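Asker: Residue-level listing of the chains:
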Amino acid sequence: MPVDVDAEVIANRALSSDYNVLALAAPQIAAAAAPGQFVMVKPGAGFDPLLRRPFSVFEVLRDPRGAPAGLTILSKRIGPSTGLLYDARPGDRVACLGPLGRPFTPVDAPAEAWMVAGGVGLAPFATLAESLRARGVKTTLFYGARRSAELFYLDFFRALDVELVLTTEDGTAGERGRVVAPLDRQLAARPASSGVMVYACGPEGMLAAAARTAMKHSRPCQVSVERIMGCGLGGCYSCVIPMRGDDGKFHHVRSCLAGPVLAADQVLWD
Amino acid sequence: MAASGCFGYGVEYADVVDLSSLGAVVTKGLFLNAREGHPAPRIVETPAGMLNAIGLQGIGARRFVDEKLPELRARRATVIVNVCGTTIDEYVEVSRILSDAEGVAAIELNISCPNIKEGGIQFGCSLPGTAAVVSAVRKVTRLPIMPKLTPNVTDVASFARAAEDAGADAVSLVNTFLAMVIDVESRRPKISNVVGGLSGPAIRPIAVRMVHECRQAVKIPIVGMGGIANARDVLEFMIAGANAVQVGTANFVDPFIWSKLLDGIGDYLERHQIARVADLVGTVETRQAAHEPM
Ligand SMILES: Cc1cc2nc3c(=O)[nH]c(=O)nc-3n(C[C@H](O)[C@H](O)[C@H](O)COP(=O)(O)O)c2cc1C
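As they're listed, the protein sequences go chains A and B. Okay, so the first sequence: first residue is 1 according to our numbering, each after it adds one. Okay, so the second sequence: first residue is 271 according to our numbering, each after it adds one.
In case anyone wonders, no lab produced these hints; they're calculated from the structure. Some clues are possibly wrong.
[As the list claims (entries may be wrong)] With a straight-line Cα cutoff of 20 Å, these simulated EDC-like cross-link-like pairs (lysine to aspartate or glutamate) come out:
#1 B/Lys530 / B/Asp285
#2 B/Lys530 / A/Asp6
#3 B/Lys460 / A/Glu204
#4 B/Lys460 / A/Asp48
#5 B/Lys530 / A/Asp4
#6 A/Lys249 / B/Glu306
#7 B/Lys489 / B/Asp439
Since we're looking at a predicted model, the values are computed, not measured.
Please take these sequences and the hints and turn them into a complete structure.
Answerer: Here you go:
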């Protein structure tokens with residue numbers, strides 16, 4: 001059951017001129033959230049911006065005794081809402097509704113988890129990596145960004161023993177090019193008998209490419225989709241994604257309720 | 271009441287609100303058959319509002335009766351079904367199915383959706399069309415019928431009158447205003463359907479004016495809506511002439527809005543020593559425009 005918290009901003013850390021990590025005092029949501037779930041967030045009480053915006057729960061913050069104390073969101077400044085979130089200061093209030101949506105389904109060892117992130121699509125993987133580590137699953141993060149300065153939280157993932165495969169479009173860190181290229185090569189090199197679950201999140205083009213690559217190598221793949229959402233609760237039918245239903249036919253499915261995590265082979269990618 | 275298209279089929283909100291505490295749940299618009307609606311993007315935010323072109327995605331009347339109505343009944347929700355049609359026969363057929371079902375309190379005839387080509391608004395933009403849909407449905411149901419009027423006409427009051435004359439038990443207004451948003455960088459429309467319906471606080475003053483005009487024209491109850499975001503806005507609609515109100519877009523912003531609206535109305539009634547909220551309906555004093563000292 002989702003709760004709405006008028007959450008105090010605990011901290012706001014700028015990662016670059018566009019990206020920030022906003023920490024919100026929403027312990028009830030943090031305690032209930034599973035990796036891949038999201039919150040609907042609105043800075044300020046006015047009508048501009050009017051609607052909430054969806055954000056993956058990025059990190060669960062804990063007090064010294066280990067109890068959930070809050071959560072963070074990873075935001076990229078692209079419009080008025082994310083602009084306000086970028087500029088938010090400790091003590092400000094942000095409406096935060098959640099946790100919402102269907103989470104990732106974790107895998108069990110000896111299968112491995114390969115997470116594929118593009119840009120702000122890194123967001124759902126911090127909590128997923130923690131839960132995979134707790135399950136003893138060997139985890140790799142394929143992480144692509146425009147340039148080296150936009151690859152964030154690498155030490156966070158290293159500390160969880162996550163193996164990193166980095167790409168940048170300008171070649172300033174890791175391999176030059178798109179993140180799906182090393183994914184394709186490494187899937188090709190891996191014997192079919194050893195299990196891999198692919199998890200992907202990022203811009204739609206990258207997501208489609210990651211999904212197709214996983215399917216090409218007959219690997220199961222869970223994607224976390226990012227659609228424009230009006231409500232997050234199934235009320236408005238804005239966030240639909242074309243999918244193949246159980247009847248084999250095309251349906252528009254609400255990604256807030258059925259997702260945001262979806263089985264890649266059921267999504268109709270074009 | 272929760273406005274159509276802004277509350278799913280109601281069941282989606284069962285964990286968030288006590289559905290029986292609402293005046294009514296108005297369902298997403300239903301045709302006879304299932305529809306998939308328009309491709310995404312379906313909405314875009316505008317100053318103090320939003321544009322939508324969902325394209326009336328829905329499961330169809332029979333599946334609604336089989337799959338959603340039982341849960342709504344179990345939760346003791348008062349259910350008003352928003353009925354759509356591409357032809358008068360379809361409005362009639364859907365209304366018949368709903369009349370035979372258990373647990374439908376009333377029918378809201380959607381003759382005002384701006385987002386699909388065929389049907390709907392073509393009836394709602396013509397006086398004979400409005401009368402024809404209402405009288406045809408009137409013949410096949412004993413349920414209260416409430417045509418939902420479009421604001422995309424010059425004289426909305428004449429449509430309220432046409433509905434009343436054709437046997438409507440109430441009218442609801444407004445549906446959304448036809449509008450458009452363009453991305454100037456790419457020169458493309460921001461939603462896939464090119465145009466869509468504007469809702470939210472931005473439209474409220476126009477909707478209030480239209481309710482006021484309809485109040486002069488008809489005796490049947492008016493259900494007002496358009497941009498209601500707090501108790502003050504509810505009171506404004508009622509003073510303008512609405513007997514009840516619906517809330518759409520603001521439910522997206524705050525799904526817990528309902529009890530806040532009721533508390534705010536209660537405070538107002540107490541402050542003004544008014545016994546019942548019904549005593550406010552249509553009490554706007556227009557003989558001399560109010561001049562507040564600056
Ligand atoms: C996303 C969305 C979907 C809607 N779908 C319907 C619908 O299916 N049938 C209908 O009669 N009105 C529909 N409407 C119109 C609303 O019921 C309401 O008339 C309008 O939004 C104005 O009220 P508001 O400003 O409180 O949202 C829809 C509105 C929105 C925003």
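Asker: For each hint, tell me whether it holds in the structure or not.
Answerer: Hints, one by one, checked against the model:
1. B/Lys530 / B/Asp285: holds, 17 Å
2. B/Lys530 / A/Asp6: holds, 15 Å
3. B/Lys460 / A/Glu204: holds, 17 Å
4. B/Lys460 / A/Asp48: holds, 18 Å
5. B/Lys530 / A/Asp4: holds, 14 Å
6. A/Lys249 / B/Glu306: It holds: about 11 Å lies between the C-alpha atoms, which stays within 20 Å.
7. B/Lys489 / B/Asp439: holds, 10 Å
The structure meets every hint from the earlier list without exception.
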